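Participant: Residue numbers (this note's numbering), protein chains in the order written: chain A, 1 to 373; chain B, 1 to 104.
Some hints could be false.
Here are the in silico distance ranges between beta carbons for each label pair [said to hold, decoys possible]: (1) B:30 <-> A:329: 47 to 57 Å; (2) B:76 <-> A:308: 34 to 44 Å; (3) A:275 <-> B:74: 43 to 53 Å; (4) B:40 <-> A:121: 48 to 58 Å; (5) B:72 <-> A:101: 50 to 60 Å; (6) B:103 <-> A:104: 19 to 29 Å; (7) A:347 <-> B:48: 26 to 36 Å; (8) B:72 <-> A:281: 18 to 28 Å; (9) A:112 <-> B:32: 49 to 59 Å; (10) A:253 <-> B:72: 40 to 50 Å; (11) A:115 <-> B:4: 35 to 45 Å; (12) B:9 <-> A:118: 11 to 21 Å; (13) A:253 <-> B:24: 19 to 29 Å.
Negatives, chain B to chain A, calculated, CB over 10 Å [what the hints assert, rightly or not]: (14) 9; (15) 14; (16) 15; (17) 20; (18) 25; (19) 26; (20) 37; (21) 38; (22) 40; (23) 64; (24) 66; (25) 76; (26) 83; (27) 104.
Bear in mind the hints are in silico, worked out from the structure with no lab data behind them. Everything numeric in this text was worked out from a predicted model, so none of it was measured. Here a beta-carbon is modelled for each residue, glycine too, at the ideal position from N, C-alpha and C.
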Amino acid sequence: MVTTPNAATTSRRAGAGGKAVTRSSVACIVPPFVLDDFARNGDSDQRAAALEALALDMSLRDRRSTAAAVRFASGAVDNRLLVEQLGSPGQPHRLIYDIANATSGSATLVRAEGQDPVGDDAANEAYDGLGDTYTLFWDVFQRDSIDDHGMDLRAIVHYGVGYDNAFWNGEQMVFGDGRLFKRFTLSLDVIGHELQHGVTEHESGLLYQDQSGALNESLSDVFGSLVKQYKLRQPVSEADWLIGADIVGPTFPGRALRDMADPGTAWERDPQPGHMDDFVVTMDDHGGVHINSGIPNKAFHTLAMSLDGYAWTDAGTIWYEALRHYRLQPESTFRAFARLTTVVARRQFGRQSTQATAVQDAWRAVGVSRADS
Amino acid sequence: MTAPSFRLLLERHGGFAGVPLRAELKSADMAADASQRLWTLVERALRSPPGGTAPGQVRPPADSFTYRLTVVTPDQHDEYAFDESTVGSELRPLVQQLEQHLTM
Ligand SMILES: [Zn+2]
């Protein structure tokens with residue numbers, strides 16, 4: 001187990017010290033995540049009340065509608081007061097640790113938010129990549145960090161010796177230096193991918209196994225790619241739609257680890273399917289989570305190409321609102337997610353809108369939805 | 001105990017990259033002292049059969065590796081599947097040793 005000082009998750013708005021405000025000062029708020037919790041786990045009265053509240057505005061979970069939640073819960077509250085009390089949203093709080101090639105024990109804080117670059121490329125890349133990822137989520141979705149409550153962004157670099165991986169351990173992102181691959185912090189889509197795992201865990205909690213796990217993986221690829229596209233301000237036609245292109249070296253038999261535009265073609269033995277007809281059943285890789293993710297990856301790519309322009313706008317927003325929809329459950333399937341994206345697109349853009357039609361077409365194209373659905 | 005003739009196969013799946021790798025070592029290809037040292041690691045690893053869930057581990061870390069370890073001797077042919085997060089102190093030395101030999 002890797003630990004960093006104060007490794008317990010902290011949120012600026014959770015009142016855990018520092019400049020945070022305590023919850024009690026805004027006690028009239030019914031935070032949307034509490035509504036979600038009630039909707040999922042409460043008794044029948046709590047569920048009914050929570051579902052009704054959530055139904056008032058499906059976007060209750062964002063900052064703007066938190067103010068609406070306050071009004072809903074208490075009658076009238078000055079929004080300006082709320083903003084003052086919430087601290088400083090829009091600013092990431094990054095903490096980069098060096099574990100010095102160990103795989104357990106404590107790590108040393110080498111760069112904290114606001115500090116100048118240090119003499120370690122991996123630490124600086126992690127710092128910058130987490131900043132770029134935070135920026136996409138804040139600018140486009142008004143999401144304040146992993147938990148939408150200003151959670152610290154913690155990364156550990158130099159994990160293990162030549163460790164060919166990066167992962168999210170439930171509290172922080174961990175990056176290896178690579179042996180077969182280059183160091184994992186070199187890739188912005190890797191960093192965005194890992195941070196999205198944290199977002200997914202804080203929203204639906206999609207189980208990391210079989211189809212829900214492949215959906216979890218796909219969400220990380222989608223938002224990892226969006227982080228890069230947003231940073232480069234690339235329209236869909238200019239994006240490479242590749243995952244891990246920056247960490248494969250000249251001896252790797254391929255251009256990347258995954259290709260969202262054409263699953264199964266990124267490298268010579270790329271096992272990813274791009275259609276449900278080719279869904280892979282396996283015990284390995286937690287039930288093929290890095291394999292079958294190709295299917296929802298391709299659905300997102302199809303949608304984005306169909307809508308043209310920038311993928312983080314309409315397509316990204318539809319995916320984002322679906323991933324935080326209260327009906328997305330830990331064991332949700334591709335089809336359940338497809339339905340939610342359709343629900344979201346219809347609500348946001350209209351039942352007969354180009355966007356709603358394109359969403360349905362995209363899921364049909366990969367065989368998740370039937371032609372008659 | 002004296003090492004029998006053996007064959008070890010470690011397959012690693014998943015991780016961020018999702019590129020499966022494998023390592024196969026046969027005692028017949030190794031010097032006697034090297035195969036003896038490796039077998040000592042096998043015995044240690046198999047004191048408690050790999051697999052299952054780590055204490056307190058509700059769900060695996062996203063992008064953790066999964067492994068398949070096959071141990072073949074004249075008397076046994078056993079396969080173990082486990083997640084990176086469940087690799088404890090008894091199994092880790094063997095996994096680390098075999099990982100040195102992973103190839104695509
Ligand atoms: Zn992942």
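Participant: Each of the hints needs a verdict: does it hold here or not?
Facilitator: We went through each hint and held it up to the structure:
Taken as a hint, the range 47 to 57 Å holds for the pair residue 30 of chain B and residue 329 of chain A, whose Cβ atoms sit roughly 50 Å apart. In this structure the supplied range 34 to 44 Å is violated for residue 76 of chain B paired with residue 308 of chain A, their Cβ-Cβ distance being about 60 Å. For residue 275 of chain A paired with residue 74 of chain B, a C-beta distance near 46 Å keeps the hint of 43 to 53 Å intact. Separated by about 39 Å at the C-beta atoms, residue 40 of chain B and residue 121 of chain A break the suggested range of 48 to 58 Å.
At about 33 Å, the CB distance of residue 72 of chain B to residue 101 of chain A disagrees with the hint of 50 to 60 Å. Taken as a hint, the range 19 to 29 Å holds for the pair residue 103 of chain B and residue 104 of chain A, whose Cβ atoms sit roughly 27 Å apart. For residue 347 of chain A and residue 48 of chain B, the hinted distance range of 26 to 36 Å is not satisfied, since their beta carbons lie about 52 Å from each other. At roughly 26 Å, the beta carbons of residue 72 of chain B and residue 281 of chain A sit within the given window of 18 to 28 Å.
Distance hint check: the CB atoms of residue 112 of chain A and residue 32 of chain B are about 53 Å apart, consistent with the given range 49 to 59 Å. Under the hint 40 to 50 Å, the C-beta atoms of residue 253 of chain A and residue 72 of chain B, about 29 Å apart, miss the expected range. Roughly 57 Å separates the CB atoms of residue 115 of chain A and residue 4 of chain B, a value that falls outside the hinted 35 to 45 Å. Between residue 9 of chain B and residue 118 of chain A the beta carbon distance is about 42 Å. The supplied range of 11 to 21 Å is therefore violated.
For residue 253 of chain A and residue 24 of chain B, the hinted distance range of 19 to 29 Å is satisfied, since their beta carbons lie about 20 Å from each other. The non-interface label for residue 9 of chain B is consistent with chain A: the shortest C-beta to C-beta separation is roughly 13 Å, beyond 10 Å. Listed as outside the interface, residue 14 of chain B is inconsistent with that label: its C-beta sits roughly 4 Å from the nearest C-beta of chain A, within the 10 Å cut-off. Chain A draws residue 15 of chain B into its interface by the beta-carbon criterion, the shortest separation being 4 Å against a cut-off of 10 Å.
Non-interface status of residue 20 of chain B relative to chain A is broken: a Cβ of that chain comes within 10 Å, the nearest being about 7 Å off. The Cβ of residue 25 of chain B lies farther than 10 Å from every Cβ of chain A, with a closest approach of about 18 Å, so its non-interface assignment holds. Every beta carbon of chain A lies more than 10 Å from that of residue 26 of chain B, the smallest distance being close to 23 Å; the non-interface claim holds. The non-interface label for residue 37 of chain B is consistent with chain A: the shortest C-beta to C-beta separation is roughly 20 Å, beyond 10 Å.
Residue-level check passed: residue 38 of chain B sits 19 Å from the nearest beta carbon of chain A, beyond 10 Å. Remark: the non-interface label on residue 40 of chain B is consistent with the geometry, its nearest Cβ contact in chain A lying 22 Å away (cut-off 10 Å). Not every C-beta of chain A lies more than 10 Å from that of residue 64 of chain B, the closest at about 6 Å, which undercuts listing it as non-interface. Non-interface status of residue 66 of chain B relative to chain A is broken: a Cβ of that chain comes within 10 Å, the nearest being about 6 Å off.
For residue 76 of chain B, the non-interface assignment is confirmed: its Cβ lies about 21 Å from the closest Cβ of chain A, beyond the 10 Å cut-off. Annotated as non-interface, residue 83 of chain B brings its C-beta within 10 Å of a C-beta of chain A; the closest such distance is 8 Å. Listed as a non-interface residue, residue 104 of chain B fails to keep its Cβ farther than 10 Å from every Cβ of chain A; the least gap is roughly 8 Å.
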